[in-house]
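Student: For reference, the chains in residue letters:
Number of protein chains: 2
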Amino acid sequence: MATKRSLAKAHAERAKKTLGKIEALAQETIRQVKREDNPGLELPIRALSNVAFSEKHHLIELGDKVQTREFFNVSMAKKFMQTFLVAGACKDLLESGKTTSIRDLFYMTKHTIKGYKENTFDDQVESDPIIEDLEVGLDALREELHLFANKKGSMVGPMVIVDSGDEIDLSRMGSGGWSVPSITEDYVIEFKKSEAEFVMLVEKEAVWHRLNEDKFWRKHKCLLLTCGGQATRGARRLIQRPSSALKLPVYVLVDNDPWGLYIYSVVKQGSISLAYESMRMACPKARYLGLRTRDFKTYKLSDEVKIDLLKEDITRAKQMLAYPWFAAKQWQEEINDQLESGFKMEIEALSNKDISFVTDVYIPQKIAKKDWLV
Amino acid sequence: MATKRSLAKAHAERAKKTLGKIEALAQETIRQVKREDNPGLELPIRALSNVAFSEKHHLIELGDKVQTREFFNVSMAKKFMQTFLVAGACKDLLESGKTTSIRDLFYMTKHTIKGYKENTFDDQVESDPIIEDLEVGLDALREELHLFANKKGSMVGPMVIVDSGDEIDLSRMGSGGWSVPSITEDYVIEFKKSEAEFVMLVEKEAVWHRLNEDKFWRKHKCLLLTCGGQATRGARRLIQRPSSALKLPVYVLVDNDPWGLYIYSVVKQGSISLAYESMRMACPKARYLGLRTRDFKTYKLSDEVKIDLLKEDITRAKQMLAYPWFAAKQWQEEINDQLESGFKMEIEALSNKDISFVTDVYIPQKIAKKDWLV
Numbered sequence: 012m013a014t015k016r017s018l019a020k021a022h023a024e025r026a027k028k029t030l031g032k033i034e035a036l037a038q039e040t041i042r043q044v045k046r047e048d049n050p051g052l053e054l055p056i057r058a059l060s061n062v063a064f065s066e067k068h069h070l071i072e073l074g075d076k077v078q079t080r081e082f083f084n085v086s087m088a089k090k091f092m093q094t095f096l097v098a099g100a101c102k103d104l105l106e107s108g109k110t111t112s113i114r115d116l117f118y119m120t121k122h123t124i125k126g127y128k129e130n131t132f133d134d135q136v137e138s139d140p141i142i143e144d145l146e147v148g149l150d151a152l153r154e155e156l157h158l159f160a161n162k163k164g165s166m167v168g169p170m171v172i173v174d175s176g177d178e179i180d181l182s183r184m185g186s187g188g189w190s191v192p193s194i195t196e197d198y199v200i201e202f203k204k205s206e207a208e209f210v211m212l213v214e215k216e217a218v219w220h221r222l223n224e225d226k227f228w229r230k231h232k233c234l235l236l237t238c239g240g241q242a243t244r245g246a247r248r249l250i251q252r253p254s255s256a257l258k259l260p261v262y263v264l265v266d267n268d269p270w271g272l273y274i275y276s277v278v279k280q281g282s283i284s285l286a287y288e289s290m291r292m293a294c295p296k297a298r299y300l301g302l303r304t305r306d307f308k309t310y311k312l313s314d315e316v317k318i319d320l321l322k323e324d325i326t327r328a329k330q331m332l333a334y335p336w337f338a339a340k341q342w343q344e345e346i347n348d349q350l351e352s353g354f355k356m357e358i359e360a361l362s363n364k365d366i367s368f369v370t371d372v373y374i375p376q377k378i379a380k381k382d383w384l385v
Numbered sequence: 012m013a014t015k016r017s018l019a020k021a022h023a024e025r026a027k028k029t030l031g032k033i034e035a036l037a038q039e040t041i042r043q044v045k046r047e048d049n050p051g052l053e054l055p056i057r058a059l060s061n062v063a064f065s066e067k068h069h070l071i072e073l074g075d076k077v078q079t080r081e082f083f084n085v086s087m088a089k090k091f092m093q094t095f096l097v098a099g100a101c102k103d104l105l106e107s108g109k110t111t112s113i114r115d116l117f118y119m120t121k122h123t124i125k126g127y128k129e130n131t132f133d134d135q136v137e138s139d140p141i142i143e144d145l146e147v148g149l150d151a152l153r154e155e156l157h158l159f160a161n162k163k164g165s166m167v168g169p170m171v172i173v174d175s176g177d178e179i180d181l182s183r184m185g186s187g188g189w190s191v192p193s194i195t196e197d198y199v200i201e202f203k204k205s206e207a208e209f210v211m212l213v214e215k216e217a218v219w220h221r222l223n224e225d226k227f228w229r230k231h232k233c234l235l236l237t238c239g240g241q242a243t244r245g246a247r248r249l250i251q252r253p254s255s256a257l258k259l260p261v262y263v264l265v266d267n268d269p270w271g272l273y274i275y276s277v278v279k280q281g282s283i284s285l286a287y288e289s290m291r292m293a294c295p296k297a298r299y300l301g302l303r304t305r306d307f308k309t310y311k312l313s314d315e316v317k318i319d320l321l322k323e324d325i326t327r328a329k330q331m332l333a334y335p336w337f338a339a340k341q342w343q344e345e346i347n348d349q350l351e352s353g354f355k356m357e358i359e360a361l362s363n364k365d366i367s368f369v370t371d372v373y374i375p376q377k378i379a380k381k382d383w384l385v
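First to last, the sequence lines map onto chains X and C.
Residue 161 in the working numbering sits at position 150 of the first sequence, and the numbers go up by one each step.
Residue 89 in the working numbering sits at position 78 of the second sequence, and the numbers go up by one each step.
Looking at chain X on its own, in the form it has when it is part of the complex:
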């Protein structure tokens, strides 16, 4: 079982490992300089051209094409310098044991180069891709570089965790829940004791509130999370761990629209833009429990809950049809059902029947009948 000391030790060891990777990169560059070579960094290409969907792992994976970022190259010199500037700032963070936001990192590394009017960075849109370069170049998640984007979301359930040394009983978190932090790596969050039998990720805050107020998670023994929309990296890491280590099924409860499908697909197999992290962020066994077009008939919903598809919904749905991870028959049918019906529905539509219909009927019935999509 985790103690404050063992977590701190794990934290220090992980930091040491990441520091080692940064130092190796720097040493290699120094060697190139001493050899009077043109110093260069090899970075895997993060673009659609180097991304593929692995049928075997059911993951969006990065291929092995690389680019070289060279110092003696007018078009690359600035980015070369920026890469080491960000790496240096991450080294400082790791050494001090502190973590910070990607916005903060931008301020930490922004300065005017001595003797010139040139800034190291003018905008955060310049520093963010450099962080991604480093993540993939060093094979270290952003969180391991002690960086994070904003946190979002809440969690409750029959589980005791240790977060930064504090033992927290997620079954005694009242109406608010535990606020999911930005960094949920195993050296920050330790699962101490769990009676959870599955994970339920809910798109909507309000639906999470309904399920929490109805104590759904107590009756059905599940971890209940929401991110209010797209799942954050913190939440994805948090889901991924019980899913792989404790072999818990993960259900994703989203609206019946292309955006709900997208939220599910990112949780399941990662995204194109962040393909390099799929291996450690994705839950290939996640199950889509969201509202389906045919649920309109199954649950005898009334016409008033239908919302006309907008032009952008139709465009997005057609894109989804073309993604290899939605190539399977059940998905093609589902997406075509939506396009043909011409409407979408929110999960809240179920409240038109009864406020606790989602808790008492919809979810238990879907799970019992195995009426999910994968």
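Take the hints with a grain of salt, since some may be wrong.
Stated by the list, open to error - Below 16 Å or equal to it, Euclidean Cα-Cα: the simulated EDC-like pairs (lysine to aspartate or glutamate) are: (1) C:K230 - C:D371; (2) C:K125 - X:D225; (3) C:K109 - X:E224; (4) C:K28 - C:D177; (5) X:K109 - C:D314; (6) C:K364 - X:D197; (7) X:K308 - X:E351; (8) C:K203 - C:D225; (9) C:K102 - X:D365; (10) C:K364 - C:D306; (11) X:K226 - C:D177; (12) X:K109 - C:D371; (13) X:K128 - C:E315; (14) X:K102 - C:D365; (15) C:K109 - X:D225; (16) C:K125 - X:D324; (17) X:K125 - C:E143; (18) C:K109 - X:D371; (19) X:K317 - C:D133; (20) C:K128 - X:E315; (21) X:K128 - C:D314; (22) X:K364 - C:E129; (23) X:K317 - C:D134; (24) C:K226 - X:D177; (25) C:K109 - X:D365; (26) C:K128 - X:E351; (27) C:K340 - C:E66.
To be verified - The calculated label-pair distances, taken between Cβ atoms and stated as ranges, are: (28) C:K311 - X:E66: 54 to 62 Å; (29) X:R183 - C:E206: 47 to 55 Å; (30) X:Q330 - C:D314: 16 to 24 Å.
Honestly, the hints are just simulated from the structure, not real lab data.
All values derive from a computational prediction rather than experimental measurement.
C-beta atoms are modelled at their ideal positions from N, C-alpha and C, and glycine is treated no differently.
Based on these hints, arrange chain C on the given structure of chain X.
Tutor: Okay, now just chain C, sitting in the frame of chain X:
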């Protein structure tokens, strides 16, 4: 001290009181019908024409102008019916002891009127103002009608609370914190034990993270909250209570821009659109601890942290100059300083000096020197 039972009792009593208000409204309407009068509801007008800034209370207050919403009036009949439909749904919620989102309420009350093609509501933009009418008409906050908007924000500090029967020690919440719920009325959240000496509300999630990681709240004995932008109603009620009951000072740490000023001003004296709730939501003693234009010199910040004011920043700042609650000399100077300087700054700008500068220098120094604005 609160127990699960005493909270449940308080909850039931509050619900009974609100139910009584709804029933009195209905009874009065029935009496009008029996007298063969034109049934009508008297509702205070929620518009700028009926809003004034009270110098005495330092609050934006609603005046006493009322409008009558009549049944036998073509332009009012639908709204009259909608008002009772929403009141009826709130009655159901109160009786069942459940709470729900304003989105959900829309679905609960949306249906097609029998025999007609007319819907009770076509869009949530119709049902939201009806909720506000009821709040002001019944003198019951939305939360007392068991309704809420989305929750947002996290909290930590040297305090033990009881949330829906669960005792939660806010000093042992790890890196994530307690997720601030939508409804934080005293029958949901009870303050059990507190060593807090002040409240610190932080605009930015990342700054909250910095202060939490540095355990600022432990050293300085404060409640540390963030909402990631504008404070939610739940957070405002949560701040307002220690501020008035425990007489704790409230500091608001925001960016140096007109939007930071606005966040502060809503916490302090309420907003025009929701003037009817100011009395119970506002903290007239809140202190602005946000970055000021002159801090650029005081803290010897470097030019790179300056961000040029945009056209909309300038327009907004000029609006602020005209608000009576910013009429005092110190505010006019502050806003004019910003306009003349031509730049704004984010709190994260302090990280350009040192990652923990905000924790170790900026806040303690400002509080020690009483360098805040009110």
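Student: So, for every hint listed, does it hold in this structure?
Tutor: Do the hints match the structure? See the list:
1. C:K230 - C:D371: Judged against 16 Å, a Cα distance of about 11 Å means the pair holds.
2. C:K125 - X:D225: violated, 32 Å
3. C:K109 - X:E224: holds, 7 Å
4. C:K28 - C:D177: violated, 24 Å
5. X:K109 - C:D314: Status violated; Cα separation ~26 Å.
6. C:K364 - X:D197: Violated, because 31 Å separates the two Cα atoms, which is more than 16 Å.
7. X:K308 - X:E351: Cα-Cα ~15 Å, so holds.
8. C:K203 - C:D225: Violated, at about 25 Å.
9. C:K102 - X:D365: Holds, at about 14 Å.
10. C:K364 - C:D306: holds, 13 Å
11. X:K226 - C:D177: holds, 13 Å
12. X:K109 - C:D371: Answer holds: X:K109 to C:D371 is near 14 Å, not above 16 Å.
13. X:K128 - C:E315: Holds, at about 11 Å.
14. X:K102 - C:D365: Holds, at about 14 Å.
15. C:K109 - X:D225: holds, 8 Å
16. C:K125 - X:D324: Answer violated: C:K125 to X:D324 is near 31 Å, above 16 Å.
17. X:K125 - C:E143: violated, 57 Å
18. C:K109 - X:D371: OK: C:K109 and X:D371 at ~14 Å, within 16 Å.
19. X:K317 - C:D133: holds, 11 Å
20. C:K128 - X:E315: Cα-Cα ~11 Å, so holds.
21. X:K128 - C:D314: Holds, at roughly 11 Å.
22. X:K364 - C:E129: violated, 19 Å
23. X:K317 - C:D134: holds, 12 Å
24. C:K226 - X:D177: Holds, because 13 Å separates the two Cα atoms, which is no more than 16 Å.
25. C:K109 - X:D365: holds, 12 Å
26. C:K128 - X:E351: The hint is violated at about 24 Å.
27. C:K340 - C:E66: Status holds; Cα separation ~15 Å.
28. C:K311 - X:E66: 54 to 62 Å: holds, 58 Å
29. X:R183 - C:E206: 47 to 55 Å: Violated: the Cβ-Cβ distance is about 21 Å, outside 47 to 55 Å.
30. X:Q330 - C:D314: 16 to 24 Å: The hinted range 16 to 24 Å is violated for X:Q330 and C:D314, with Cβ atoms some 44 Å apart.
Checked against the numbered hints above, the structure breaks hints 2, 4, 5, 6, 8, 16, 17, 22, 26, 29, 30 and satisfies the rest.
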